[in-house]
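Number of protein chains: 2
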Amino acid sequence: MKLVKDIGEQGLLQKLQPFCPDGVVGDDAAILDIDPNQKLVVTTDVLVDGVHFSDRTTRAFDVGWRGATANLSDLAAMGATPVGITVGLSLPGDVPVSWVEELYQGLNSCLSQYQTPIVGGDITRSKIITVAITAFGQVAADSIIRRSNARVGDAIIITGYHGLSKAGLELLLNPQLGKNLASEEKEFIIKAHQQPNPRLDLLPTLEAANSDIAIAGMDSSDGLADAISQICRFSGVGAIIDGDNLPIHPILLKLGSYDQATKWTLWGGEDFELVLCMPFPLAATVVNSLGTSAKIIGKTISEAKAIIKYKNKKPDNYRNLSMNNANFQHF
Amino acid sequence: MKLVKDIGEQGLLQKLQPFCPDGVVGDDAAILDIDPNQKLVVTTDVLVDGVHFSDRTTRAFDVGWRGATANLSDLAAMGATPVGITVGLSLPGDVPVSWVEELYQGLNSCLSQYQTPIVGGDITRSKIITVAITAFGQVAADSIIRRSNARVGDAIIITGYHGLSKAGLELLLNPQLGKNLASEEKEFIIKAHQQPNPRLDLLPTLEAANSDIAIAGMDSSDGLADAISQICRFSGVGAIIDGDNLPIHPILLKLGSYDQATKWTLWGGEDFELVLCMPFPLAATVVNSLGTSAKIIGKTISEAKAIIKYKNKKPDNYRNLSMNNANFQHF
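Protein chains in written order, with my numbering: chain A, 58 to 388; chain B, 58 to 388.
Among the hints, a few may not be true.
Any copy, or any two copies together, can satisfy a pair, since identical chains are not distinguished.
Said to hold, decoys possible - Calculated lysine-lysine pairs in the BS3-like style (CA-CA distance at most 30 Å, straight line): (1) Lys62 <-> Lys184; (2) Lys362 <-> Lys184; (3) Lys62 <-> Lys368; (4) Lys368 <-> Lys59; (5) Lys72 <-> Lys184; (6) Lys59 <-> Lys184; (7) Lys248 <-> Lys59; (8) Lys184 <-> Lys236; (9) Lys248 <-> Lys72; (10) Lys243 <-> Lys59; (11) Lys72 <-> Lys368; (12) Lys368 <-> Lys243; (13) Lys62 <-> Lys311; (14) Lys311 <-> Lys72.
Calculated directly from the structure, the hints in this document are not laboratory data.
Chain A extracted, bound-state conformation (with noise of 0.2 Å):
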């Protein structure tokens, strides 16, 4: 008999794939028609005690700050405006009342933030932790971003910093890692982990520049490389990454080596950024609109393969790199 874990994630998702409707599933969020002009778009995600939190480096108030910035960023990837969300919450009945009081109260400091309210919910009881969020939000039929609107050609953009959550991530589990860092350079990577925001903030400057030009573009909650192999499937583009250009924040280098930070920048995940093509002049436009932290790091191309190209230096073993990486698989 043929076991989950013995077709994995994707291959699961493969086999469901005729029980959802073509052409709504397969992008950050669905898309529903209740309106001529306005979509609804909906996202879920499941978070489970063991599995995507632990003691060790959550807090209940972060484990709803986190999963609540994971739906409203999936949102954003699509152009949306959050306009609320449910919990479906299951717990063993010995958890204390505090810790889903803090659950909450980490859920409502970042929806607060976007005028994002809890709209309902379901609260059972189960032997693990296990908080479900669903996330609607509204977009004119015009300002949708799709993962796959990239044309060949098209300039790459990330909207941020990459790998700073895996640091905070790596710092928190091992504490002497941080030796060569700052009390606020700590502290930064640990907020970039445990209260990470979605990038709601940039929906103006990209309704603007979404009129004539469909942009594409997904968040990069499973991280850059898988972010950009996603683009591309779902555009049927290749992609080459200037590895020479690719924006490392310092921090990443005082905690090892570059090579080490390549890789957190690269795979690390759970940066809440929005990886974004566009045609390069209003790429120009954008990137210039968007603020200091948002860089162009590569372009789309017609040959089906996604790498990371450097000229001059290290890490040579990312040279031609595909951006496919195994560790992407839940099971």
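Knowing the structure of chain A, use the given hints to seat chain B on it.
For chain B alone, coordinates are given in the frame of chain A:
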């Protein structure tokens, strides 16, 4: 330290109330404004292996079917037509792939009766199978059915028999109970348990009735008695149920005493019928349109109590019994 099990589900919900906006939470589903005329209605249910289903009584197909029905029933209870659902699935790696496929087949078989697609979701690893479903629907602003709409002197309507799902479950657990049942009768109550249907079929009738006078109501997923006491609580009214004329399905009487049949009818749960309140003249018309299984079973009163009254028949021990039942605490 106070634990979740010390304060129970209701206690926990009270603690979490401050995190949700006033007026949005507390009904079968949340109502969101995204259009002046049409409202978005959202509901979430979490099903946990060993709590809401078990291999002994529920195949994967039925877990899916029942999950779909529970959510669509919450939409029906608001007067809303379904638009789509999302599925957040967490499960161990050693679950057979066929189990997951059958789960989705069950979901889709129920949903396709109402042209409702699965529009997205999340799959993640966990030690326990947990299925978190969120359903979205639409309703015209003046067709919303609310728990809080009941007035003193309203008729209380049920849209069908109760206790059949409970009877099916008991038969599955103790097959010898069915010694007096024909095989069609056994199949009928087992199907009532495994594949109940939401009463979305009633929406056109209710919409037509719900124009001048707002209809109150909810579904009977947690039992008929619970639905009545919830409507009373949210509307600030009481209720008297006419025990002598409470419809008891004949199959229930073949499975045990009149006392047990009454208990299952009032507290069995998961029949997914609607319990509605509206003025008597309108109620007569609506019951007529709804068909033979719909019945007026009592009326709302000003006194703050919900009771069932018998003039003649047994069971004596239900005379003037409160609808409240401690068994509805989930922890």
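Hints, verified against the model:
| no. | hint | verdict |
| --- | --- | --- |
| 1 | Lys62 <-> Lys184 | both (21 Å within a copy, 13 Å between copies) |
| 2 | Lys362 <-> Lys184 | neither (44 Å within a copy, 36 Å between copies) |
| 3 | Lys62 <-> Lys368 | neither (40 Å within a copy, 61 Å between copies) |
| 4 | Lys368 <-> Lys59 | neither (46 Å within a copy, 60 Å between copies) |
| 5 | Lys72 <-> Lys184 | both (28 Å within a copy, 21 Å between copies) |
| 6 | Lys59 <-> Lys184 | both (26 Å within a copy, 18 Å between copies) |
| 7 | Lys248 <-> Lys59 | between (41 Å within a copy, 29 Å between copies) |
| 8 | Lys184 <-> Lys236 | neither (39 Å within a copy, 37 Å between copies) |
| 9 | Lys248 <-> Lys72 | between (38 Å within a copy, 27 Å between copies) |
| 10 | Lys243 <-> Lys59 | neither (45 Å within a copy, 34 Å between copies) |
| 11 | Lys72 <-> Lys368 | neither (42 Å within a copy, 59 Å between copies) |
| 12 | Lys368 <-> Lys243 | neither (32 Å within a copy, 75 Å between copies) |
| 13 | Lys62 <-> Lys311 | neither (37 Å within a copy, 46 Å between copies) |
| 14 | Lys311 <-> Lys72 | neither (44 Å within a copy, 44 Å between copies) |
When the structure is compared with the earlier hints, violations turn up for hints 2, 3, 4, 8, 10, 11, 12, 13 and 14 and for no others.
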